[in-house]
Amino acid sequence: MAINATCESTASPPVNGGASHSLTHGANGSLASALADTGVNELLGELDRDLIGLAPVKTRIREIAALLLVDRLRRERGFSAGGPSLHMCFTGNPGTGKTTVAMRMATILHRLGYIRKGHLVAVTRDDLVGQYIGHTAPKTKEVLKKAMGGVLFIDEAYYLYRPENERDYGQEAIEILLQVMENHRDDLVVILAGYKDRMARFFESNPGMSSRIAHHIDFPDYQADELALIAQRMLDAMHYRFDDEAKIVFDDYLTRRMAQPHFANARSVRNAIDRARLRHAYRLYSHPDAATSDESLTTIAAADLLASRVFADGDTR
Amino acid sequence: MGAVENIQITDAKRRYSAGVLKYAQMGYWDGDYEPKETDLLALFRITPQEGVDPVEAAAAVAGESSTATWTVVWTDRLTACDMYRAKAYRVEPVPNQSGQYFCYVAYDLSLFEEGSIANLTASIIGNVFSFKPLKAARLEDMRLPVAYVKTFRGPPTGIIVERERLDKYGRPLLGATVKPKLGLSGRNYGRVVYEALKGGLDFTKDDENINSQPFMHWRDRFLYCMEGVYRASAASGEVKGHYLNITAGTMEEMYRRAELARELGSVVMMVDLIIGWTAIQSISNWARENDMILHMHRAGHGTYTRQKSHGVSFRVVAKWLRLAGVDHLHAGTAVGKLEGDPMTVQGYYNICRDAKTEIDLPRGIFFEQDWGALRKVMPVASGGIHAAQMHQLLDLFGDDVVLQFGGGTIGHPMGIQAGAEANRVALETMVLARNEGRDIRNEGLEILRTAAKSCQPLRAALDTWGKVSFNYTSTDTSDFVPTASVA
Amino acid sequence: MRVTQGTFSFLPELTDEQIKRQIEYCLDKGWAVAIEYTDDPHPRNTFWEMYGAPMFDLRDAAGIIQELAACRKTFPQYYVRVTAFDSTHGVESITLAFIVNRPANEPGFRLVRQEEPGRTVRYTIESYAVAAKPEGARY
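Chains as they are written, first to last, in the working numbering: chain S, 1 to 317; chain U, 318 to 804; chain V, 805 to 943.
In case anyone wonders, no lab produced these hints; they're calculated from the structure.
Just to be clear, a hint being listed does not mean it is correct.
[To be verified] For lysine-lysine, the following DSS-like pairs were computed, each having C-alpha atoms within a straight-line distance of at most 27 Å:
1) S:K139 to S:K247
2) V:K824 to S:K117
3) V:K937 to S:K141
4) V:K824 to U:K770
5) V:K824 to S:K141
6) S:K117 to S:K58
7) V:K824 to U:K449
8) V:K833 to U:K485
9) V:K877 to S:K139
10) V:K833 to U:K673
11) V:K833 to S:K141
12) U:K515 to U:K496
13) V:K877 to V:K937
14) V:K833 to S:K117
15) U:K339 to U:K452
16) S:K139 to V:K833
17) S:K139 to V:K937
18) S:K141 to S:K98
19) S:K139 to S:K98
20) V:K824 to V:K877
21) U:K496 to U:K784
22) S:K117 to S:K141
23) S:K98 to S:K58
24) U:K673 to U:K449
25) S:K141 to S:K247
[To be verified] Selected chain U positions facing chain V (Cβ under 8 Å, derived; list incomplete):
26) D484
27) G500
28) D756
A quick note: this is a predicted structure, and the numbers were derived from the prediction, not measured.
C-beta: ideal position from N, C-alpha, C; glycine also.
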């Protein structure tokens, strides 16, 4: 990817001697200095560091960043192609990072000047669709007004469409959304999110929506080693650690849990850690006479994990 | 400061045997005293006579402003005198002012009658300012406990309700005092009111010494002014007002004038500070009952506020007036013809407008003051200001202020309406620019000149007064930072 | 005549771009913005009709500009104003209000004087447009 190469070259002096960091420094301007101006490099770097895995997602974000940047340079030189459409669809299972990436995306689009404010408004069907006739349009419009200047993230967007009920007001919300997605591209970016198969069916029944979504990004499930790394990050942030035995047990836990139903990737990891904290605390509480060292307060032991029902044979939780 | 003679005598026999003791020995100095939340606190700047120990001087201030007299009296022992005695609890030299000391005194809440500024002032400034052992004394600041604040009703209208009544938001209000101060007949006087209001001002104003003189009796003034007010209101679709000065020789006469102001449909009336605290609180109650904005002209305050070494600071007067209950208060301009260093003046404005005033030494605020939901006073900037200073005024004081351009309206070369229009256009232009994020402090004049291209009256105003400034050193400045005067 | 209520009535009519910048100022301060309209511009007519509820929690002016355009389209000959509300304790009131649409012809107000004893006068301000026609047919 070309943009990667230029990212690295920011360390070398800009072509025009660094006199100006403006994007309008004539025919000699380098992409590198243009990129440096936006601060997007740092954001993409952070994205790489902070988010485990998600390689195809990160690639697509870099591509979009590249497109917007090049577009800006082209515009300044008078090569106009009209603003690109950036409405997106994020598909993937729960806990694969869709909301997190959407928030990052809002910041990146803001830095690149595509949206004015860079905030994210996350909604579901209930926020858009009313229960009575005449309620849906004002509700949807209010949400759209709040999202202007930023990103509107509609989680489980397929619930907007309920073919089994021909009087469903969801269709009204879809119509208004479509209008705004077409006529107010400068004002907001819409991201639809949900399970891949259900989104596919939704688009089949709503070709108008499908044709207005330029980017389909699929969020793969995490691998076991990625999940272990995610757990590590979460623990660090909360000032906990696994002891050596607990690390091994947690790997085993992940393998078992992933095979069970309702596995929700990073969200399941978060839940597992929360429950381990509970057991850790209760273990300390049950031995009130033992000295509480920093070590004991911060270390989750194998026993705190092994008590999980995941290890109980035949239990599906 | 822990010298033996400054320590309270606790042995009852020695303490109450007839004779003369030092104030500190009598118990008016307690360096370890921790002020209670319910205490009134006062900060005095004192200049003791040569050879007078500052601690003893501070104790004397505390004594003379509470229970003490010059000699020991046994009748003290019939009271809980330890509590009634005010306590000087801190004395420190004023930075860079040799011979002057800041002395902090705490007063128990039970020393004061509720809801009476007359009582408060009789205590705090009743005796001590003539006290011989002090060359000079100045009351710099006071902290009034919320429990005490809540015994006052405060401004009858307040900034928020005033704006709602006038339907004017998001910008300073504009006013002008009718000039010449004296001599106009009622008919001619009303003409100035009409012209200024029609031209674009929100308020016009009687001056402090316009009452009922041979050249214009008060009824005439009221009738002609209200004709001007309503004509201008009909011509603009805006609510307009004229501060009808009801100051008179007796309370009965003031009420009579207030009644006519109300009957004629005036939204506002005014009194002078010199009517006295009791009259102010009474007329404030009347204003509250009659939905009338009460404008306070601080006539006479300079006699005790101006000198840094002696008197009462205006910040204290402003606090008392907020308690007593006025809606408008002249609080200085910083850039005009009257006394006032910019930061000190901003301190007065904060006292008028804060919900809670924080300690701010560069602005002369020594105590935190919780205003206990008392309404806010609209400060008034008046005296030698003009349209070319609009950016400085807006930058210094923000939106909640009445800017009064008397000469700057009536002295306009194209006439009074043009003068008013120039001020209103300058003001709206500057608010628009500030809200758009322009740096009005530095680009202000340029912004005005651009606006003047499409506004002939503003152009004339800038040509006439663009270079007028009053650059004199202020006498009343903070001791804590070197203060620069605004050009 | 020209009704000069509102914060910017002495300036040339604001462009949409200028209006947008004022709205951005309000949103940056955390104020809620509302649109109101009337065909009765009497100075004491406090309650203009609300074109929808005040818009809370908005980040960008675009949504408000869109509402304003719709309001002007529906009421081209009405007075329309943008108002901003600050819910901070101790304010809880309007903090900015400016007219963004007005009828082409503003006939203004008549001053009615009811004379009383002692040269006292009771003043009434009466809108020519309101006196002439019923609501909805005035401008």
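Checked hints:
no.	hint	result
1	S:K139 to S:K247	violated, 48 Å
2	V:K824 to S:K117	holds, 14 Å
3	V:K937 to S:K141	violated, 35 Å
4	V:K824 to U:K770	holds, 24 Å
5	V:K824 to S:K141	holds, 19 Å
6	S:K117 to S:K58	holds, 22 Å
7	V:K824 to U:K449	violated, 65 Å
8	V:K833 to U:K485	holds, 19 Å
9	V:K877 to S:K139	holds, 21 Å
10	V:K833 to U:K673	holds, 20 Å
11	V:K833 to S:K141	holds, 23 Å
12	U:K515 to U:K496	holds, 17 Å
13	V:K877 to V:K937	holds, 21 Å
14	V:K833 to S:K117	holds, 14 Å
15	U:K339 to U:K452	holds, 18 Å
16	S:K139 to V:K833	holds, 25 Å
17	S:K139 to V:K937	violated, 36 Å
18	S:K141 to S:K98	holds, 24 Å
19	S:K139 to S:K98	holds, 24 Å
20	V:K824 to V:K877	holds, 18 Å
21	U:K496 to U:K784	holds, 22 Å
22	S:K117 to S:K141	holds, 18 Å
23	S:K98 to S:K58	holds, 12 Å
24	U:K673 to U:K449	violated, 37 Å
25	S:K141 to S:K247	violated, 50 Å
26	D484	holds, 6 Å
27	G500	violated, 22 Å
28	D756	violated, 15 Å
Hint check: violations occur at hints 1, 3, 7, 17, 24, 25, 27, 28; the rest are consistent with the structure.
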